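Quick note, the sequences are listed as chains B and L, same order. Everything in the first sequence is counted per the working numbering, starting at 1 for the first residue and increasing by one. Everything in the second sequence is counted per the working numbering, starting at 1 for the first residue and increasing by one.
For the record, the hints were derived by calculation from the structure and aren't laboratory data. Treat each hint with caution, since some may be false.
Said to hold, decoys possible - Across the chosen pairs, the derived CB separations fall in these ranges:
1) B:H33 x L:E760: 23 to 31 Å
2) B:D92 x L:D853: 34 to 42 Å
3) L:A709 x B:D92: 42 to 50 Å
Said to hold, decoys possible - In silico DSSO-like cross-links for lysine-lysine, where the CA-CA straight-line distance does not exceed 27 Å:
4) L:K849 x L:K734
5) B:K34 x L:K749
6) B:K34 x L:K741
7) B:K108 x B:K89
8) L:K582 x B:K108
9) L:K734 x B:K78
10) L:K749 x L:K821
11) B:K86 x B:K113
12) L:K582 x L:K611
13) L:K17 x B:K113
14) B:K78 x B:K113
15) L:K888 x B:K78
16) B:K86 x L:K273
17) L:K582 x B:K113
18) L:K930 x L:K888
19) L:K734 x L:K749
20) B:K78 x L:K930
21) B:K150 x B:K34
22) L:K433 x L:K455
23) B:K86 x B:K150
24) L:K273 x L:K177
25) L:K632 x L:K585
26) L:K888 x B:K89
27) L:K632 x L:K622
28) L:K17 x L:K209
29) L:K849 x B:K78
30) L:K734 x B:K86
31) L:K178 x L:K209
32) B:K78 x B:K108
33) L:K378 x L:K351
34) B:K108 x L:K888
35) L:K702 x L:K582
36) L:K273 x L:K378
37) L:K734 x B:K108
38) L:K622 x L:K546
39) L:K821 x L:K849
Every value quoted in this text rests on a predicted model; they were computed, and no experiment measured them. Glycine included, every Cβ here is placed at the ideal spot set by N, Cα and C.
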Amino acid sequence: MITRKVTGALLRILLVEDNPAHAELIIRSLEDHKVPSDIYHVSDGELALDYLYQRGQFIDAEQWPLPHVILLDIRMPKISGLEVLKEIKTSDSLRHIPVVILTTSDAKQDVAKAYYHYANSYLVKPVDFTEFMNLMEEVGFYWLNWNHHKLL
Amino acid sequence: MHLLQRLRFPPEFSDPKQTHVARILHSISVTIIIAIVFIIIASFLSDKMIAVRSLSLGLPVVLFAFWLNQRGRVNLAGLLIVLSFLGLHTYLAWSGGGIRDIAIAVFPILLVIAGLLLEGWVLALLTGLTILSLTVIVIAEVQGVLVITPEVFVPAYDLMVIVTLCLITAVTMHFLKKDLIQSIRQLRQNEQALAKANDELRREIAERKQAENALQEYQATLQTRSESLAIINTITDTLHQSFDAHQVAQQAVQALVTDLQIPATAILTYDEKNSLLCVIASHGLPSWLLQETQSFPLGESLSGHALMRQEIIRCPDIQAEPRIYPSVQRSLQVIGMHSTLIIPLTYLSYKLGVLNLFFHDAEQMVAARHETVLAIAKSISLALANARYVNQIEIEIQERKEAEQALQVERDFAHQIVTNMGQGLSVTDAEGKFSFVNPAFTQMLGYAPEDLQGKTPFDIAAEGEQETLLTVQYNRRSGRATSYETRLRHVDGHAVDVLITGVPQWQGDVFQGTIAVITDLTERKQAEKAQLRFANQLETAVNIAKQVNAILDPEELFPTVVNLLQSRFDLYHVHIYLLDSKCGKLHISAGSGEIGQQLLQRQHYISIDEKHSLVARAAREKVSIWVNDVSKEPDFMPNPLLPSTQSEIAVPVIAHGAVLGVLDVQEDTPYSFSESDVDVLRILAGHIAIALQNANLFAARKEAELRLAELVTELETRNAELERFTYTVSHDLKSPLITIKGFLGLLEKDLAAARQDRIEADMTRIRTAAIIMEQLLHDLLELSRVGRIMNPPEMVAFTTIVEEARERVAGQLSTGRIALKVMNDLPDVYVDRTRIVEVMQNLLDNAIKFMGDQANPQIEIGATCQANKCVCFIRDNGMGIDPRYHDKVFGLFDRLDPSIEGTGIGLALVKRIIEVHNGRIWVESEGSGKGSTFFFTLPREAPGV
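Bound conformation, chain B alone:
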């Protein structure tokens, strides 16, 4: 599943999330908080790499521009989030893009593995709705307002 929501906002987010319900939840919480961002959503790791390397259906760079930040789930079919992370961080052209792990797993090995592969941040999806909303607001705000991006 690929969702593209272009608003001309300053921040481009690539959301890699296999669970469509979760993806909708994330996108809507970001919208609700009026974070001025464009969200590009892919449903698995394979698609995420295709997107980032701008190949296959993502060959059009204008239509599929490189994101400022990547929100990456870990548990996904085919290629897991950690593998995608590893690939990004070993790629000269992609390693500068901050990768924020956003996952349901709070397992220590997952956290450790993520940082081992140079994840920029590790966030656990809160089960509580309000918390979820707050987190997404802060994430959006942080990456948009506080964080300086290479691409910006």
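Given the coordinates of chain B, assemble chain L onto it according to the supplied hints.
Showing chain L alone in chain B's frame:
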């Protein structure tokens, strides 16, 4: 010259008569030759030719006779001359003047010559012949037969003839005269010789008479002597028949009186202790006289003197002898004895006594046969000495007998000791030869006592010991007693170790030989050797044991042990049997050398109940079996591969009272093993037992370790699985929870904002999430049941399982218009039927789900069978799976396509069920769109059948 010499000198011959005749003949013939020459000359001058002719004829005859004479044929020569002259002159007379012819004058001369030359009947015949010739001539003249030729007187011739005849006559006469003179001389000589012979004869007769007289005298002397000798003999015989002094003396006295007619005699013996002489026998002396002179000291009286000086005293007049006691003198006078002969009786330097002979007068004393008397005195001395010392000798003999008996006892004792002593005893002479050996010594070396007689220790020394013996012999000869160890050669050739202690024997400075005691050291040496061997063996055993302890793998251990044992102990064969107590068989585990390998290849074994096996017996009875000679052992089981086995030891290998096996060693000579060998082998067997136990323990530990590692791995896998399970469960259960909570929140907001368009969607999200959650919980429950809750396995036809699963998915199949093909002749499988139906159902589900947009969807089910398992497969022509994800599909909650519903537990469940059945599951697919085939294995029969 030679001829002239011959003419001059007559020949000489050995026979004087022949020489004499030859000389006469020589002179005559020379004369005749000269005469003839003259006559021939004369005849020739007087022209008397007949004479010339006849004489010329006669000359060679005379020369021949001369030659014959020279040759020694004197008689023939003489006869020839006489006959020829007779014939010549007869002829001359016949042809000349007849009887008055001058030739006739030759006849007498001729006869004279013949008389000189010839002898006997030849002379008579010649004389007859001459007379006959003359007679014939006379008769012939008378009768007129003979015609006388008138004699022509020729003076020269006749003169010559007469002169010649005169010469011949003169010569002949000269010889006659010479002969005669010689004969007369001879006669005279003969006469003288005869007279001389007569004188000699007379003298000889006188001498012979003298000799005869001497002979007679000698014979008389001989007679006397032989008589004396006979007397002496008799006396001596008599005397020597007795060893009693009195008896001897009495007999002697008797004999002297009887045989030599001595008027009175007395014998006195000398008592050395008291230095006294006393009469022990007498004859012809009155008793009163004897009483007076019963005993007197040495040196007194004549007898005392004679004995002291050891000289014979002749006393012709007793009355004039001052040394004789006066009383005795008177007494002797009374009985008419006036002379005495005193002979001391001695033997060597011993004074034995005195013999007194009394005579009526000096004449009688001189007439006595002194030599005989002296001889008898000698004999008496001897007899007395015998008598005197016979006692002593008897005593000595007795003493000696006693001493000998004592010695014999001692000797017997010594002999017994020497015979029965355990040690060898030898006596060698100065040359080193054995002169005595005791039985112990001969037995020690296996000889008979006589074998060693004349031998030296060198003859029985073992090889290489000669030098030791030489040194020892040298030491002994220099007087040192020595004790040394050496080796002697037994009769069967082997060397015997001995200790020899020898003492040299001396007599003065002369080395007499050696007495030696020989101790057999064989036992000691053997013990030493055995000890040494045991120590060596123990060392080897320890070395082997070290190696044994270093090796833990029995398969490596036993070959090492047997080969080490075989080589280090130099054994014929070594092998180790291990007991399989389950089936009661002793299997060969290792054997030395090639034979060992062969036995091993044959998987040789012995039943523990085997009666005729030492190995089995050792294992059965748990004791070491030691057989010195297998040929005498009924329990010995010959092995055709080991034909030379002669002795054997089988030692059980025991640990904690349980027999593990048997160590068996064999030798190719009987009596090869000793007690110590058994001990060493026992020790080794103990080590082997420990090693075997160690090895078993080690193997068990290894196995346990392996098992443990497996368990750990399994546990780790399980742990990891569990962890992952927990993790995924928490993650995947949280996921729908977040969805539900999130959309509930959104729903609230939408409701508040009255966003009708979103409410439905929000609610659907919530519903879906709840369903997923329920499904998840269900599947997790199922998964946790697998392995925990199982139905007993049974033999089921695979077709049945397929049919049951097909029924369950029949709806989906028909919806998707999927064709299901099932192979014929599917096998029976031994499985948990319910579970395997679940597996089939899951896989069919899966295939249907991922059929994609296939126009002719179809699923194929089949199975191929191997030995004890079946490989089943389910093939579809759906979407297929990228090879990268072939492993991932079986992971819990792993889903390849999130768009397709499912919890991601199905294949994990399938995998788990197959694994519980000891099977394997895998997927083959060439990639997306190419369909995929799931394979899994199932058992065909119950395990262990």
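Hint by hint, here is what the structure shows:
no.: 1; hint: B:H33 x L:E760: 23 to 31 Å; result: 24 Å, holds
no.: 2; hint: B:D92 x L:D853: 34 to 42 Å; result: 40 Å, holds
no.: 3; hint: L:A709 x B:D92: 42 to 50 Å; result: 44 Å, holds
no.: 4; hint: L:K849 x L:K734; result: 25 Å, holds
no.: 5; hint: B:K34 x L:K749; result: 15 Å, holds
no.: 6; hint: B:K34 x L:K741; result: 22 Å, holds
no.: 7; hint: B:K108 x B:K89; result: 21 Å, holds
no.: 8; hint: L:K582 x B:K108; result: 56 Å, violated
no.: 9; hint: L:K734 x B:K78; result: 21 Å, holds
no.: 10; hint: L:K749 x L:K821; result: 54 Å, violated
no.: 11; hint: B:K86 x B:K113; result: 10 Å, holds
no.: 12; hint: L:K582 x L:K611; result: 19 Å, holds
no.: 13; hint: L:K17 x B:K113; result: 185 Å, violated
no.: 14; hint: B:K78 x B:K113; result: 18 Å, holds
no.: 15; hint: L:K888 x B:K78; result: 8 Å, holds
no.: 16; hint: B:K86 x L:K273; result: 156 Å, violated
no.: 17; hint: L:K582 x B:K113; result: 57 Å, violated
no.: 18; hint: L:K930 x L:K888; result: 18 Å, holds
no.: 19; hint: L:K734 x L:K749; result: 22 Å, holds
no.: 20; hint: B:K78 x L:K930; result: 18 Å, holds
no.: 21; hint: B:K150 x B:K34; result: 23 Å, holds
no.: 22; hint: L:K433 x L:K455; result: 5 Å, holds
no.: 23; hint: B:K86 x B:K150; result: 20 Å, holds
no.: 24; hint: L:K273 x L:K177; result: 103 Å, violated
no.: 25; hint: L:K632 x L:K585; result: 26 Å, holds
no.: 26; hint: L:K888 x B:K89; result: 24 Å, holds
no.: 27; hint: L:K632 x L:K622; result: 22 Å, holds
no.: 28; hint: L:K17 x L:K209; result: 42 Å, violated
no.: 29; hint: L:K849 x B:K78; result: 17 Å, holds
no.: 30; hint: L:K734 x B:K86; result: 25 Å, holds
no.: 31; hint: L:K178 x L:K209; result: 46 Å, violated
no.: 32; hint: B:K78 x B:K108; result: 22 Å, holds
no.: 33; hint: L:K378 x L:K351; result: 12 Å, holds
no.: 34; hint: B:K108 x L:K888; result: 22 Å, holds
no.: 35; hint: L:K702 x L:K582; result: 23 Å, holds
no.: 36; hint: L:K273 x L:K378; result: 23 Å, holds
no.: 37; hint: L:K734 x B:K108; result: 16 Å, holds
no.: 38; hint: L:K622 x L:K546; result: 25 Å, holds
no.: 39; hint: L:K821 x L:K849; result: 17 Å, holds
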